[in-house]
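Chemist: Using the sequences provided together with the hints, build the complete structure.
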Amino acid sequence: MRSGRSLILDTTVRLVVDAALVLSVYLLFAGHNRPGGGFVGGLVVAAAVSLRYLAGGLAEVRSMTAVPPWTFLSVGLVLASGTALVTLAAGRGPLDHGAAEWDLPLLGHLKVTTAMAFDSGVYLIVVGLLFMAFEGLGETLRSPGDGEDGDR
Amino acid sequence: MLLLLLALHAGAGIGVLATARRVGRWGLVVGGLAPAASMAWVASRGGQVLDGDAVTQRVDWVPQLGLALDVRLDAFAVLMAVLVSGVGVLVFAYAWHYFGSADHVGRAAGLLTLFSGAMLGVVLADNLLLLYVCWELTSVTSYLLIGIDDAEPDARSAALHALLVTAFGGLAMLGGFVLLGQEAGTYRISELLADPPSGSTVAVALVLVLLGAFTKSAQYPFHSWLPGAMVAPAPISAYLHSAAMVKAGVYLIARLAPAFADVGPWRPLVVTVGLTTMIAGGLRALRAFDLKQLLALGTVSQLGFLTVLLGIGRPEATAAGCALLLAHGLFKAALFMAVGIVDHAAHTRDVRDVPILGAGWGPVRAVALLSAASMAAVPPLAGFVAKEEAYGALVQGSSGDRLVLAGIVAGSVLTVAYSLRVAAALVRPDLVAPSPGERPLLRRGPATGIVVPAAVLAAGSVLLGVVPTRWSGLVDGAARALDPGGGAHLELWHGITTPLVLSVVTLAVGGLLFRGRRRVAELQHRLAPKVTGTDGYDVAVRAMLGFAARVTSIAQPGSLPIYAAVVLTTAAVVPGLGLVSGPWWPGWPELVGRPAHLPIAVLLVTGALAATLATRRFAAALLLGVVGYGMALLFVVQGAPDLALTQLVVETLSVVVFLLVLRQLPDRFERRAPAVGQPYRVAVSAAVGVFVVVMAIAAAGARTADPVSREMSEQALPEGDGRNVVNVILVDIRGLDTLGEVSVLVAAGIGIAALARAGQRPRRLPARRGDRPAVEEASR
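First to last, the sequence lines map onto chains A and B. For the first sequence, our numbering begins at 1 and goes up steadily by one. For the second sequence, our numbering begins at 1 and goes up steadily by one.
Hints in this document: simulated from the structure, not taken from any laboratory. In this text, all values refer to a predicted model and were calculated from it rather than measured experimentally. Note that the Cβ used here is the ideal one computed from N, Cα and C, for glycine as well.
Derived Cβ-Cβ restraints for the label pairs, each shown as a range: (1) Pro68/A - Val657/B: 17 to 23 angstroms; (2) Val682/B - Val22/A: 46 to 52 angstroms; (3) Val22/A - Phe618/B: 30 to 36 angstroms; (4) Leu3/B - Ser74/A: 32 to 38 angstroms; (5) Pro68/A - Ala18/B: 25 to 31 angstroms; (6) Thr272/B - Ser74/A: 57 to 63 angstroms; (7) Leu21/A - Gly546/B: 54 to 60 angstroms; (8) Phe618/B - Leu21/A: 25 to 31 angstroms; (9) Arg156/B - Val112/A: 55 to 61 angstroms; (10) Val580/B - Val22/A: 50 to 56 angstroms; (11) Val112/A - Glu670/B: 53 to 59 angstroms; (12) Gln715/B - Leu21/A: 31 to 37 angstroms; (13) Thr704/B - Ser74/A: 41 to 47 angstroms; (14) Pro718/B - Ser74/A: 30 to 36 angstroms.
Rough simulated footprint, nothing fancy, chain B against chain A, three-plus residues with beta-carbon under 8 angstroms: (15) 23-33; (16) 37-44; (17) 75-83.
Modeler: Okay, structure coming up:
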């Protein structure tokens, strides 16, 4: 472990980050009817990731996911533009969304809209962009956790 | 079927290009199938089309905008297709032997196929915009083909020269097409010609279109790219720069002339430019020593001739132009091939160095002599028949036409002289220019295979000359397709007529000119302008680059404070002036809506003022954060939790990013003399601040229609299945906007990655140099 890392910061960050990730998923799903949505949800993940970065540098950020950042971007873009194509193919306007409702055991009433898929695409793109930024700039912009006189 | 043929070219070309290295010279066979198929199909439909029954095909593309792929094969298109695809097949056969197993043969084959398809597209297009697209595709393939030997700086700069000139003309032409299409209400060429618009807009449009045609067909003063393009290998010169591409401009002129020759400046412009080109090109050809340059300048001259004949808008001249178009394609391509064979064997094509050609060279010499004779219009060859038609067409005309005729005779005299120069260079080169050293003797002739395509073309020149009935129908049909009042009946022997006398005089004077070549050369040396078209091009390019550099240095001084000052001043002043010029002041709004506003306002103002006064960067960044969080509070109070949430998270992120960046910068703001002085900064800040406040108040009071948000709120649940209006707007009502924005985000992500890598390279390479190639480093 590098010098300059604070145990208190580390522990707090872990707790807060997990909570923030849960919150972001909640925001994504709740977004259609309550405050939230894919964009805000993605930004909350971004804030969580930046906390990890402050605490432990790029290595910590990389350890959060095994998926490379450009996969987030591409899957998100495919999901978002795919939704547009699907709605187009369904004979509606592009992104004129449709919904389906079921009553399922255990889960209760479930309503799924194509808007959800689109919003998930937005979410993934925001998350991917942030990982991309840390991947690209994180080494140049050394984080406090790296220690002032680490490898210079 | 027509579109299928074009698709075949594209498919074969791209296929060969994709596998260029593996297919090698076999790419020529695969690629050559496309023009061969076109030729066969055109031949099978030829009779029907020549009777006036054009083949058309239409595929709708964007019907709402009236965009469609319209192609049309009429008799004139048949004539051009014979040149494009017929000569094309022969060029592919010639290239098989010429390139052998050279490195770039596969690439050349693919590009030649693509070019062939694009050129066929130009000829078949019945829509101005489709024609333009194909036109530019020929420019691009020509660029790549001239520069096929991309390790050679000369080839690269010649390719760029050709591209810049033809693309400049092409853009002008596009402007002309749009004007023409808007004025006529249709972009279909056949409809446009059937009912031509008129007026001053059309005159401007035509000048622009002619600019495109002149650059493409190497007319003065845009001719200089064509001699430069001679760095390309012989098959490419024979195909693009004699038979096919340079004819595109002439083709367009021929298409439009019957309908537009009487409009505005068309006729004087076309005749002046054409005659100047014909004579100046001929004079330059008499001075050339490089055989390919000589042929290229001859092509420039002949293209001027064609421009006059096809552009003057007289039915008889149009017919003569059709005949000359074909005759020129035959003899010029054959000559290029012959010179290419000599160049291939002797590795020089300078008249002062070419070797004596031994006994084995009989067939090549025969091809060259026959073709040069056809170029000089010696009976009984195709060139003669065509020139008789040309003379005959203009003899009957008005006094103005006779003046044109005089110019053409003068140009033809020069043609005879430089044709003799070409012929002599291959038979007895010392006649043209003495060699500085001993001329070697080339005993062994070339392989038979490489001579056959050129021989076929030369045989064509003879056959069409001796039996004019063989192509009379084709030329007649083509002329009628252009101008229903036209038509031609080609004859070898018209009896003793004025045209015949003129032909004999032309040949005699041309012969004399060649006899007195030494004196002519001296005279030319003294009188010829020292400034060439290439110099003009160089000056133009340099001036443009200099201008761009000056503009850039003014617009982008590289100083962040100056950029910020310019942007902010513009933002405040321009809309500000627009604001105060109308009834703009709705009166003060309610200043404090809720009690909670007051403490938040105090927080915001204090934070903002403190940020400007802070002397440490960290402090300033944190104070900006205070302002941002204050905004979030304000949103909460106003009942906009969505907005507040977003603002909160974004603010957090920006504070983090600020802190990261600021760690690399000095702790305190520097106290250097700023690029933008303190008083001006204060003035700009104050102006922006006042403007924003006034703008907000004015905008809030300026509403005349119901806000769109009301309708959106009403529709959110029934239409968008959501209660969160903001989210429904984002993903449904304005979903396409969001899609565009996230696409920008993805692009930004890619940009960040690229920039970060570019920034890392210089720092990393020294440590790892030699370990791994830079390419691998970049693609890691």
